[in-house]
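Q: In order, the protein sequence lines correspond to chains G and Z. Counting with my numbering, you get residues 1 to 290 for the letters of the first sequence. Counting with my numbering, you get residues 1 to 361 for the letters of the second sequence.
The set of hints was computed from the structure by calculation and includes no laboratory data. Any given hint might turn out to be false.
Said to hold, decoys possible - Cβ-Cβ distance ranges computed for the label pairs, FRET-style:
#1 G:PHE199 to Z:SER39: 48 to 58 angstroms
#2 Z:SER39 to G:LYS182: 48 to 58 angstroms
#3 G:VAL178 to Z:GLY40: 40 to 50 angstroms
#4 G:GLY10 to Z:THR109: 32 to 42 angstroms
#5 G:GLY78 to Z:THR109: 50 to 60 angstroms
#6 G:VAL99 to Z:ASP16: 18 to 28 angstroms
#7 G:GLY78 to Z:ASP16: 52 to 62 angstroms
#8 Z:PRO77 to G:VAL178: 44 to 54 angstroms
#9 Z:GLY9 to G:LYS182: 52 to 62 angstroms
#10 G:ALA29 to Z:ASP118: 54 to 64 angstroms
#11 Z:SER39 to G:LEU108: 27 to 37 angstroms
#12 Z:MET170 to G:LYS182: 49 to 59 angstroms
Cβ coordinates follow ideal geometry from the N, Cα and C atoms, glycine included.
Okay, here's what each chain looks like letter by letter:
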Amino acid sequence: MWRRLTATEGGQGLLMVSPPLIYALALLAVPLGAILLFSFWTQDFMAVDTTFTLNNYREIAEKPIYGALLQRSLFVAGCVTIVTVIVAFPVAYFVSFHVRPERKSLWLFLITIPFWTSYLIRVFLWKVILGYNGVINTGLINLGLIEEPLTFILYNVNAVIITLAHAFAPFAILPIFVALEKIDRSLLEASQDLGESKFMTFLRVTLPLSMPGVVAAVLIVFIPTIGDYVTPELMGGAGGKLIANMIQTQFLALNNAPLGAALAIVAMLSVSAISLVFVLLNRRWLKGRS
Amino acid sequence: MTPLITLKGVNKHYGDYHALRDIDLEIGEGEFFSLLGPSGCGKTTLLRTIAGFESVSNGLVTIGGKDMAGVPANLRPTNMVFQSYAIFPHLSVAENVAFGLRKRSDLDTKAKQTLVEDALDMVGLDGYGKRAAHALSGGQRQRVALARALILKPKVLLLDEPLSALDKKMREQMQVELMRLQRHVGITFILVTHDQEEALVMSDRIAVMFEGRIGQLADAETLYRRPRNRQVADFIGKMNFLDVVVRSSNDPVDLEISGLGRVTISPDQVPEPVTIGKAIVGIRPETLSLLFDGETTDLRLIDGVVDEVVYYGDMTYYDVRVQGVEKPLNIAMKNVIGRPVLDVGAATRVVWDERSLVLLN
Ligand SMILES: Nc1ncnc2c1ncn2[C@@H]1O[C@H](COP(=O)(O)OP(=O)(O)O)[C@@H](O)[C@H]1O
Ligand SMILES: [Mg+2]
Numbered sequence: 001m002w003r004r005l006t007a008t009e010g011g012q013g014l015l016m017v018s019p020p021l022i023y024a025l026a027l028l029a030v031p032l033g034a035i036l037l038f039s040f041w042t043q044d045f046m047a048v049d050t051t052f053t054l055n056n057y058r059e060i061a062e063k064p065i066y067g068a069l070l071q072r073s074l075f076v077a078g079c080v081t082i083v084t085v086i087v088a089f090p091v092a093y094f095v096s097f098h099v100r101p102e103r104k105s106l107w108l109f110l111i112t113i114p115f116w117t118s119y120l121i122r123v124f125l126w127k128v129i130l131g132y133n134g135v136i137n138t139g140l141i142n143l144g145l146i147e148e149p150l151t152f153i154l155y156n157v158n159a160v161i162i163t164l165a166h167a168f169a170p171f172a173i174l175p176i177f178v179a180l181e182k183i184d185r186s187l188l189e190a191s192q193d194l195g196e197s198k199f200m201t202f203l204r205v206t207l208p209l210s211m212p213g214v215v216a217a218v219l220i221v222f223i224p225t226i227g228d229y230v231t232p233e234l235m236g237g238a239g240g241k242l243i244a245n246m247i248q249t250q251f252l253a254l255n256n257a258p259l260g261a262a263l264a265i266v267a268m269l270s271v272s273a274i275s276l277v278f279v280l281l282n283r284r285w286l287k288g289r290s
Numbered sequence: 001m002t003p004l005i006t007l008k009g010v011n012k013h014y015g016d017y018h019a020l021r022d023i024d025l026e027i028g029e030g031e032f033f034s035l036l037g038p039s040g041c042g043k044t045t046l047l048r049t050i051a052g053f054e055s056v057s058n059g060l061v062t063i064g065g066k067d068m069a070g071v072p073a074n075l076r077p078t079n080m081v082f083q084s085y086a087i088f089p090h091l092s093v094a095e096n097v098a099f100g101l102r103k104r105s106d107l108d109t110k111a112k113q114t115l116v117e118d119a120l121d122m123v124g125l126d127g128y129g130k131r132a133a134h135a136l137s138g139g140q141r142q143r144v145a146l147a148r149a150l151i152l153k154p155k156v157l158l159l160d161e162p163l164s165a166l167d168k169k170m171r172e173q174m175q176v177e178l179m180r181l182q183r184h185v186g187i188t189f190i191l192v193t194h195d196q197e198e199a200l201v202m203s204d205r206i207a208v209m210f211e212g213r214i215g216q217l218a219d220a221e222t223l224y225r226r227p228r229n230r231q232v233a234d235f236i237g238k239m240n241f242l243d244v245v246v247r248s249s250n251d252p253v254d255l256e257i258s259g260l261g262r263v264t265i266s267p268d269q270v271p272e273p274v275t276i277g278k279a280i281v282g283i284r285p286e287t288l289s290l291l292f293d294g295e296t297t298d299l300r301l302i303d304g305v306v307d308e309v310v311y312y313g314d315m316t317y318y319d320v321r322v323q324g325v326e327k328p329l330n331i332a333m334k335n336v337i338g339r340p341v342l343d344v345g346a347a348t349r350v351v352w353d354e355r356s357l358v359l360l361n
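With the rest of the complex left out, here is chain G (with noise of 0.2 angstroms):
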């Protein structure tokens, strides 16, 4: 059996993948079964009760906060997604395109410097930053620009988008610079030999030669922003909180776990509906880009 195993091909990549392919089953498939069990029961009290219904799903579909949960988790993530995209374009087109080659790898080290602190380390900073006694409005008092602090900054949607697109905005900007440094230059230089400016050569050639580099982004920081749970939970105040909050709400404060798990069910259904609409969306625009 072994020797099989080790003989062919195939056997040796089996061999080779499955370390990690047990380890995903063991730490992803298992506890997303289990949550999708839990959200087929009913909690009784302290126990849990285990016959199949779909009650769960029904109280999500008939009571309103539920919807307007996840709508505005999805408004966050999509506003968080959008203004990340758009402020890791410049610099990754920045690195790529103006940056000495000998110095583009420091570059990309010191974009990743964030990453040095903890998430949560960063989180707080943010509300230093942002608070009622924080920089921004301590600064802006003494300079004589405001009379009396900011409130819209901190404790709210606002301080939530700000805060996740800082955080991922190094996951943004690598995957775009990716994709602009694969662009041929000598394509460049062709647009604008056959009579395009800069700029309409930035739009026609290295605006849809870098979009695998944008659509990459853009998933990359779409689909982990919905079901951040610290940021909103820390920054978003009364208004701030999004569907994470929600279900950690369920399954810890209410102790009710078979609720919890049918919205982080509907939550994961959400992103994934919109995640694939989006892929096949630019699939056929990206088709023979690479």
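Please build the complex by placing chain Z with the ligands on the supplied structure of chain G, with the hints as guidance.
A: Here is chain Z with the ligands on its own, set in the frame of chain G:
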């Protein structure tokens, strides 16, 4: 010849590196002009200064009488076929060819379509318009690059080693097609190549470049028969070099060739002025021959011994040692009927003629 492009005293520095040195050039309307030289001599740099991708450090570039200083590439009446072809991978063949037509507001979609079809027709790609550009072969990419440039009817088409990525058969076919195309459209072509045969076959005139300088500018026959110096003679084709002492540099020129003896040649065989004293002469391998048994000649003869034989099928190249000549003479012989291939060490006689000599500094 009305000059379309003139370069006067063009220099280009990259930091400390002097890539172009005092280039003076005039290229005529409708001319097929080649820049020939070893890799790294500055051919691409020179082409790119004409295209507008490189600025000149000093000197003047004019196209059609207009000074090109400060004119960016997109506003010059030149188009380029890049060495890598630079076909846009996200566009179809037709979209690639139509790329430069966007600003032509005088044409409607229909007229543009017709132009694209005509251009594809011209390069032998009719019916390929809908194909994805990334699915083309090397030869087809090159044709797309040509159509994309020619559709804009530039005054000058610049080609940077357009054939070097193709295999030998394809290369020879494209040489002929490019020449036919150039005659058909009547546009000035400037071709960059490191392949001397390609340059000789295709061009009206050739500039041979070494280390950022033009070594010689002439038509193919002059370059081959009357190279100005040893560097040019060495780069173009094969050449035997023999030491010589110049006795008189007047008409006729009186020479004492080591190993071959004393001869006189006409001043026409001296491309650059020489002084009395030491110099070298060049003799092409195909202007020398071996005298086989039973053959006779009125020309000069000298005894030698075969040192090396290289058989090519249609030709045999011999290296023949001759007393008093420093290096063995390289001799090219056609393998005609009845002519044996000699063995190394065989005694033979070399036929030569002073009319095929060229005297160099
Ligand atoms: N952008 C550049 N920066 C520095 N040196 C360059 C640059 N472009 C070309 N060179 C140098 O100029 C010389 C001529 O280059 P090039 O014109 O490409 O040669 P060729 O096309 O004849 O092979 C080379 O030695 C090359 O290294
Ligand atoms: Mg080159």
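Q: Would you mind marking each hint as holding or not holding in the structure?
A: Hints versus structure:
1. G:PHE199 to Z:SER39: 48 to 58 angstroms: 35 angstroms, violated
2. Z:SER39 to G:LYS182: 48 to 58 angstroms: Since Z:SER39 and G:LYS182 have Cβ atoms about 26 angstroms apart, the given range 48 to 58 angstroms is violated.
3. G:VAL178 to Z:GLY40: 40 to 50 angstroms: Check failed, 31 angstroms falls outside 40 to 50 angstroms.
4. G:GLY10 to Z:THR109: 32 to 42 angstroms: 52 angstroms, violated
5. G:GLY78 to Z:THR109: 50 to 60 angstroms: 36 angstroms, violated
6. G:VAL99 to Z:ASP16: 18 to 28 angstroms: 23 angstroms Cβ-Cβ, so the 18 to 28 angstroms window holds.
7. G:GLY78 to Z:ASP16: 52 to 62 angstroms: The hint (52 to 62 angstroms, Cβ to Cβ) holds, given that G:GLY78 and Z:ASP16 are roughly 53 angstroms apart.
8. Z:PRO77 to G:VAL178: 44 to 54 angstroms: 37 angstroms, violated
9. Z:GLY9 to G:LYS182: 52 to 62 angstroms: 40 angstroms, violated
10. G:ALA29 to Z:ASP118: 54 to 64 angstroms: 60 angstroms, holds
11. Z:SER39 to G:LEU108: 27 to 37 angstroms: 33 angstroms, holds
12. Z:MET170 to G:LYS182: 49 to 59 angstroms: Because 28 angstroms falls outside the window, the suggested range is violated.
The structure fails to meet hints 1, 2, 3, 4, 5, 8, 9 and 12 from the earlier list, while all remaining hints are met.
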